[in-house]
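K.L.:
Okay, here's what each chain looks like letter by letter:
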Amino acid sequence: GESVGLHLPTLSVQEGDNSIINCAYSNSASDYFIWYKQESGKGPQFIIDIRSNMDKRQGQRVTVLLNKTVKHLSLQIAATQPGDSAVYFCAVLNSGYSTLTFGKGTMLLVSP
Amino acid sequence: DVKVTQSSRYLVKRTGEKVFLECVQDMDHENMFWYRQDPGLGLRLIYFSYDVKMKEKGDIPEGYSVSREKKERFSLILESASTNQTSMYLCASTLWTGGSGNTIYFGEGSWLTVV
Chain A
1 GESVGLHLPT LSVQEGDNSI INCAYSNSAS DYFIWYKQES GKGPQFIIDI RSNMDKRQGQ
61 RVTVLLNKTV KHLSLQIAAT QPGDSAVYFC AVLNSGYSTL TFGKGTMLLV SP
Chain B
113 DVKVTQSSRY LVKRTGEKVF LECVQDMDHE NMFWYRQDPG LGLRLIYFSY DVKMKEKGDI
173 PEGYSVSREK KERFSLILES ASTNQTSMYL CASTLWTGGS GNTIYFGEGS WLTVV
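Line by line, the protein sequences give chains A and B. Residue 1 is where the first sequence starts when you use this note's numbering, and the numbers rise one by one after that. Residue 113 is where the second sequence starts when you use this note's numbering, and the numbers rise one by one after that.
Watch out, some of these pointers could steer you wrong.
Cut-off 27 angstroms, straight-line C-alpha distance, at most; resulting in silico cross-link-like pairs (BS3-like, lysine-lysine) [stated by the list, open to error]:
no.: 1; chain 1: B; residue 1: Lys115; chain 2: A; residue 2: Lys42
no.: 2; chain 1: B; residue 1: Lys167; chain 2: B; residue 2: Lys115
no.: 3; chain 1: B; residue 1: Lys169; chain 2: B; residue 2: Lys130
no.: 4; chain 1: A; residue 1: Lys37; chain 2: B; residue 2: Lys169
no.: 5; chain 1: A; residue 1: Lys71; chain 2: A; residue 2: Lys56
no.: 6; chain 1: B; residue 1: Lys165; chain 2: B; residue 2: Lys130
no.: 7; chain 1: A; residue 1: Lys71; chain 2: A; residue 2: Lys37
no.: 8; chain 1: B; residue 1: Lys125; chain 2: B; residue 2: Lys167
no.: 9; chain 1: B; residue 1: Lys165; chain 2: B; residue 2: Lys115
no.: 10; chain 1: A; residue 1: Lys42; chain 2: B; residue 2: Lys182
no.: 11; chain 1: A; residue 1: Lys37; chain 2: A; residue 2: Lys68
no.: 12; chain 1: B; residue 1: Lys183; chain 2: A; residue 2: Lys42
no.: 13; chain 1: A; residue 1: Lys104; chain 2: A; residue 2: Lys68
no.: 14; chain 1: A; residue 1: Lys42; chain 2: B; residue 2: Lys125
no.: 15; chain 1: A; residue 1: Lys104; chain 2: B; residue 2: Lys115
no.: 16; chain 1: B; residue 1: Lys167; chain 2: A; residue 2: Lys104
no.: 17; chain 1: A; residue 1: Lys56; chain 2: A; residue 2: Lys104
no.: 18; chain 1: A; residue 1: Lys68; chain 2: A; residue 2: Lys56
no.: 19; chain 1: B; residue 1: Lys169; chain 2: A; residue 2: Lys42
no.: 20; chain 1: B; residue 1: Lys115; chain 2: A; residue 2: Lys37
no.: 21; chain 1: B; residue 1: Lys167; chain 2: A; residue 2: Lys42
no.: 22; chain 1: B; residue 1: Lys169; chain 2: A; residue 2: Lys104
no.: 23; chain 1: B; residue 1: Lys169; chain 2: B; residue 2: Lys115
no.: 24; chain 1: B; residue 1: Lys130; chain 2: A; residue 2: Lys42
no.: 25; chain 1: A; residue 1: Lys56; chain 2: A; residue 2: Lys37
no.: 26; chain 1: B; residue 1: Lys130; chain 2: B; residue 2: Lys167
Here chain B is said to cover these stretches of chain A; the calculated rule only asks that three of the stretch's residues, wherever they fall, bring their Cβ under 8 angstroms from a Cβ of chain B [unchecked claim]:
no.: 27; segment: 35-44
no.: 28; segment: 102-111
For the record, the hints were derived by calculation from the structure and aren't laboratory data. Even glycine gets a Cβ: it sits at the ideal position worked out from N, Cα and C.
Go ahead and model the full structure; you've got the sequences and the hints to work with.
P.N.:
In structure tokens form, the structure reads like this:
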């Protein structure tokens, strides 16, 4: 089955810095990836997704990069703000099903 | 906007009690899911359902059952609650994808404490 790992459980940055959160997955057949943000006491909230036929996708202040060669996924947040403080999860679609396998999450701490 | 509603946000139950966690989605999604989330373990899939009256086991189904009598409603049942089922439970839903992938939307979570 799929396994998904995050490289760093906690990331501390200063307001205005760019943040990079990383994720690795195990199944080379995986073809759909999602990043979620979870604030304290709330459910995960969709941020951005990417399919395996793309290397990069941009949203508002966020960019997701996919490197299929090394099975690595990253989320970049530009000009990080205190409101970005949360736990960020990557999720990988299990091929053949509509279920997701989640990484354990990286807590992003943004100090003013 | 998609809305996934978990009716109980905070519950405290006694060991051995039967517990029902209810989830309703308003976007006619075929797929619904129950996850539990624990510190250091992330989100783990308990059960999911592709359609009414259909259910599939996830990664950790032991001690749980589910019911999907209507498309919009997916219930998680703890037949006899135990302290190791103290956790946050997350319901989610998505359109049927045929394997191509669609965004999964989550509810706000139900915090269950079993004493």
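K.L.:
With reference to the structure, classify each hint as holding or not holding.
P.N.:
Do the hints match the structure? See the list:
Distance hint between Lys115 (chain B) and Lys42 (chain A) is fulfilled; the C-alpha atoms sit about 14 angstroms from each other, no more than 27 angstroms. Taking the CA atoms of Lys167 (chain B) and Lys115 (chain B), the gap is near 21 angstroms; set against the 27 angstroms cutoff, the hint holds. A threshold of 27 angstroms between alpha carbons decides the hint, and for Lys169 (chain B) with Lys130 (chain B) the separation of about 20 angstroms falls inside it, so the pair holds. For the proposed pair Lys37 (chain A) and Lys169 (chain B), the alpha carbon gap of about 26 angstroms is at most 27 angstroms, so the pair holds.
Proposed proximity of Lys71 (chain A) and Lys56 (chain A) is supported: the alpha carbons are some 14 angstroms apart, at most 27 angstroms. Pair hint Lys165 (chain B) plus Lys130 (chain B) holds up; C-alpha atoms about 21 angstroms apart against a cutoff of 27 angstroms. The straight-line distance between the Cα atoms of Lys71 (chain A) and Lys37 (chain A) is roughly 21 angstroms, inside the 27 angstroms bound, and the hint therefore holds. Restraint check: the Cα-Cα separation between Lys125 (chain B) and Lys167 (chain B) comes to about 25 angstroms, which is no more than 27 angstroms; the hinted pair holds.
Of the pairs offered as hints, the one joining Lys165 (chain B) and Lys115 (chain B) holds, with about 22 angstroms between alpha carbons and a cut-off of 27 angstroms not exceeded. The straight-line distance between the Cα atoms of Lys42 (chain A) and Lys182 (chain B) is roughly 26 angstroms, inside the 27 angstroms bound, and the hint therefore holds. Only pairs whose Cα atoms come within 27 angstroms are accepted, and Lys37 (chain A) paired with Lys68 (chain A) is accepted, the gap being roughly 23 angstroms. Of the pairs offered as hints, the one joining Lys183 (chain B) and Lys42 (chain A) holds, with about 24 angstroms between alpha carbons and a cut-off of 27 angstroms not exceeded.
Restraint check for Lys104 (chain A) and Lys68 (chain A): the C-alpha separation of about 20 angstroms stays at or below 27 angstroms, so the hint holds. For the hint pairing Lys42 (chain A) with Lys125 (chain B), the CA-to-CA distance comes to about 21 angstroms; that is within 27 angstroms, so the pair holds. Our distance criterion of 27 angstroms between C-alpha atoms is met by Lys104 (chain A) and Lys115 (chain B), whose separation comes to about 25 angstroms. Of the supplied pair hints, the one linking Lys167 (chain B) and Lys104 (chain A) holds, its CA atoms being roughly 25 angstroms apart against a limit of 27 angstroms.
For the suggested pair Lys56 (chain A) and Lys104 (chain A), the alpha carbons sit about 23 angstroms apart, so the restraint of at most 27 angstroms is met. Between Lys68 (chain A) and Lys56 (chain A) the alpha-carbon distance is near 11 angstroms, which keeps this suggested pair within the 27 angstroms criterion. A threshold of 27 angstroms between alpha carbons decides the hint, and for Lys169 (chain B) with Lys42 (chain A) the separation of about 25 angstroms falls inside it, so the pair holds. Distance restraint check for Lys115 (chain B) and Lys37 (chain A): the Cα-Cα separation of roughly 17 angstroms lies within the 27 angstroms cut-off, and the hinted pair is therefore satisfied.
Pair hint Lys167 (chain B) plus Lys42 (chain A) holds up; C-alpha atoms about 26 angstroms apart against a cutoff of 27 angstroms. Pair hint Lys169 (chain B) plus Lys104 (chain A) holds up; C-alpha atoms about 21 angstroms apart against a cutoff of 27 angstroms. Note on Lys169 (chain B) and Lys115 (chain B): the hinted pairing holds, with a Cα-Cα distance of about 24 angstroms set against a maximum of 27 angstroms. For the suggested pair Lys130 (chain B) and Lys42 (chain A), the alpha carbons sit about 25 angstroms apart, so the restraint of at most 27 angstroms is met.
Between the alpha carbons of Lys56 (chain A) and Lys37 (chain A) the distance comes to roughly 19 angstroms, so the proposed pair stays at or under 27 angstroms and holds. Pair hint Lys130 (chain B) plus Lys167 (chain B) holds up; C-alpha atoms about 20 angstroms apart against a cutoff of 27 angstroms. For the segment 35-44 of chain A, the proposed coverage by chain B is satisfied: 5 residues have a C-beta within less than 8 angstroms of a C-beta in that chain, meeting the threshold of three. With a threshold of 8 angstroms between beta carbons, the proposed coverage of the segment 102-111 of chain A by chain B holds, since 4 of its residues qualify and at least three are required.
The structure shown violates none of the earlier numbered hints.
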